[in-house]
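Using the sequences provided together with the hints, build the complete structure.
Chains A and B are the protein sequences, given in the same order. Note that the first sequence covers residues 1 to 289 in this note's numbering. Note that the second sequence covers residues 1 to 289 in this note's numbering.
Bear in mind the hints are in silico, worked out from the structure with no lab data behind them. From the three backbone atoms N, C-alpha and C, an ideal C-beta is built for every residue, glycine too. Among the hints, erroneous ones may be present.
Among the chain B residues that face chain A by a calculated CB cut under 10 Å, a handful are [to be verified]:
| id | residue |
| --- | --- |
| 1 | 63 |
| 2 | 78 |
| 3 | 81 |
| 4 | 83 |
| 5 | 104 |
| 6 | 114 |
| 7 | 124 |
| 8 | 141 |
| 9 | 162 |
| 10 | 186 |
| 11 | 238 |
| 12 | 240 |
What the simulated footprint calls covered on chain B by chain A, stretch by stretch (three residues with Cβ under 8 Å from a Cβ of chain A suffice, anywhere in the stretch; the number is not a length) [said to hold, decoys possible]:
| id | stretch |
| --- | --- |
| 13 | 70-76 |
| 14 | 129-140 |
| 15 | 169-181 |
| 16 | 275-282 |
Spelled out from the first residue to the last, the chains are:
Protein chains: 2
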Amino acid sequence: MPSFSDRLADAVRRKGPLCVGIDPRWEMLPKRIRVSTEIVDDYARPSLGFLRFQARLLELIQPFAGIVKPQAAFYELIGSTGLNAMRRVLELAKEMGFVTILDAKRGDIASTADAYAQAAFGPTWNADALTINPYLGRDAVEPFLTAAKAGQRGVFVLVRTSNAGAGLFQDLPCNGRPLYRHVADEVVKWNARALGACGLGDVGAVVGATHPRELAELRTAMRHVWFLVPGYGAQGASAADVKAAYLPSGLGAVVNSSRGVTFPFHPDDPQWEAKIVEAAKKAAAELAH
Amino acid sequence: MPSFSDRLADAVRRKGPLCVGIDPRWEMLPKRIRVSTEIVDDYARPSLGFLRFQARLLELIQPFAGIVKPQAAFYELIGSTGLNAMRRVLELAKEMGFVTILDAKRGDIASTADAYAQAAFGPTWNADALTINPYLGRDAVEPFLTAAKAGQRGVFVLVRTSNAGAGLFQDLPCNGRPLYRHVADEVVKWNARALGACGLGDVGAVVGATHPRELAELRTAMRHVWFLVPGYGAQGASAADVKAAYLPSGLGAVVNSSRGVTFPFHPDDPQWEAKIVEAAKKAAAELAH
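What follows is the structure in structure tokens.
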């Protein structure tokens, strides 16, 4: 199996940089799907709804995106049956040739981090990559790096997030440079151990599109690091805002859109499938470069 | 229902500061319990083992501890049936009068953080408190604070963690003070909105026992903040190392021990229950003050 970075490069070359974030919410599912779940008891209805919606979603977006990013929080919210649905979306997406990024932003001390890493890359979730939080430091990140390397998987470390209040700690000046630049320096070191044939490594960075200046700075500082770029679409950043994330090769960044592509419809709209196709097509075209 | 901080104060007054961390691992369960799960298929065996072990564990530790802290990673590792076992340990512990802290170290942008908060405090997990990671900043923490306040629950924000490499980012000097002190200042502000009758608030801090000097400093800087103190026991800190975490009232800190109390035996040992009682009794006595 090629390295994670090479599989990601292949997906971007084939389909472009669009990554579709899968954040299912029961109340936003098409009404027809919600009604169709009445065959099971109330506890199981949300997860059956998720299963049906995500299976159709993957088919609809497949021409336009090579990468998907299920968000663990929304599956966890509906309980353990939801986590079965999460397992299934990761499995199905992999079968369909998508690169899968599990967005769970895990982080804990070593033995616990190891359990999260085994869950992410082992039989439980079997994702191609996982998002992780760096606050606990090196020995908390290490188990994720080790497990990723052993299984040819990847991680994306939070560096500069897309939310409005991200700067509270991330922008604090530490020894003359903002905290996120120190995190970025560590990511560069961690990544240097595992470069693929595409010239990029398996240890990526989450860098929000909502901060174009920082994005450009980080691109220069992190020449061999894949960026996972949230913030495009519903969160307000434009395709122009993310341009700085790409390397001259055209690789270097995957750009996430969640609600903008997966829920561009009112639940009552019978044309919801066409709306998803239209939104995915538009996002893919905007991001083509 | 009294506030989270007052329920925690009540537990500490009744039973002392010991918090038992529940980090179940299939390979560490008593062999008798593992064998007893052969009645179900291989996929369900770990979760049945967890259910049996944790139910007995809660009975054994009940005389010595009023607080338990299940660790989400170990439940997640065995898949969605594991998360049923996590739901059950939280439910059973609550029925038995324990204060429950779900250790999941969640953190994400606002809408996602809200989903994690609803999962933690709503019907999915229904925990009394949740550990959270501050790296994403204020608007990422806010949904947890709001949900905690609405449901009389608590959060523990990672400030200074117990792992050896915690200092990589947490100790970086930012405007002349280490990063963790800036996080501590924010926790003090967040906590000030919700003080209970015990004089402490619902927004606590995770401060490792493995850094006694920082623990003492933070105690002085955070007079109304509950500390959740990991690192005692298997991680190497002694009862003397944690003394600085207490306020003159005797309240102010809960001290976690996980493996030291829950797995003080070899899996083949038929006396495993007596070993747990002995370990819990010893920890409670050491921590009494």
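* Was the hint right that residue 81(B) lines chain A, CB cutoff 10 Å? -> holds, 7 Å
* Quick check: the stretch 70-76 of chain B, covered by chain A? Criterion 3+ residues, Cβ under 8 Å. -> Result for this restraint: holds, n = 4.
* To do: Have a go at the residue 186(B) hint: is there a Cβ in chain A nearer than 10 Å to its own Cβ?
  => holds, 7 Å
* Asked: With 10 Å as the cut and Cβ atoms as the points, is residue 238(B) at the interface with chain A?
  -> violated, 18 Å
* Given residue 124(B) was flagged as interface, is its beta-carbon under 10 Å from a beta-carbon of chain A? -> holds, 5 Å
* Does residue 141(B) meet its interface restraint, that is, does its C-beta lie within less than 10 Å of any C-beta in chain A? -> holds, 8 Å
* Let me know if the C-beta of residue 162(B) comes in closer than 10 Å to any C-beta of chain A, holds or violated. => holds, 7 Å
* Asked: Are there at least three residues in the stretch 129-140 of chain B whose beta carbon sits under 8 Å from a beta carbon of chain A?
  -> holds (count 8)
* Asked: Measuring from the C-beta of residue 114(B) to each C-beta in chain A, is the shortest one below 10 Å?
  -> holds, 8 Å
* Asked: Measuring from the C-beta of residue 83(B) to each C-beta in chain A, is the shortest one below 10 Å?
  -> holds, 4 Å
* Asked: Do three or more residues of the stretch 169-181 of chain B come closer than 8 Å to chain A, measuring C-beta to C-beta?
  -> Since 7 is at least three, the answer is holds.
* **Outcome, coverage of the stretch 275-282 of chain B by chain A - at least 3 residues whose beta-carbon is closer than 8 Å to one in that chain** => violated (count 0)
This entry does not satisfy hints 1, 11, 12, 16, going by the numbered hints stated previously.
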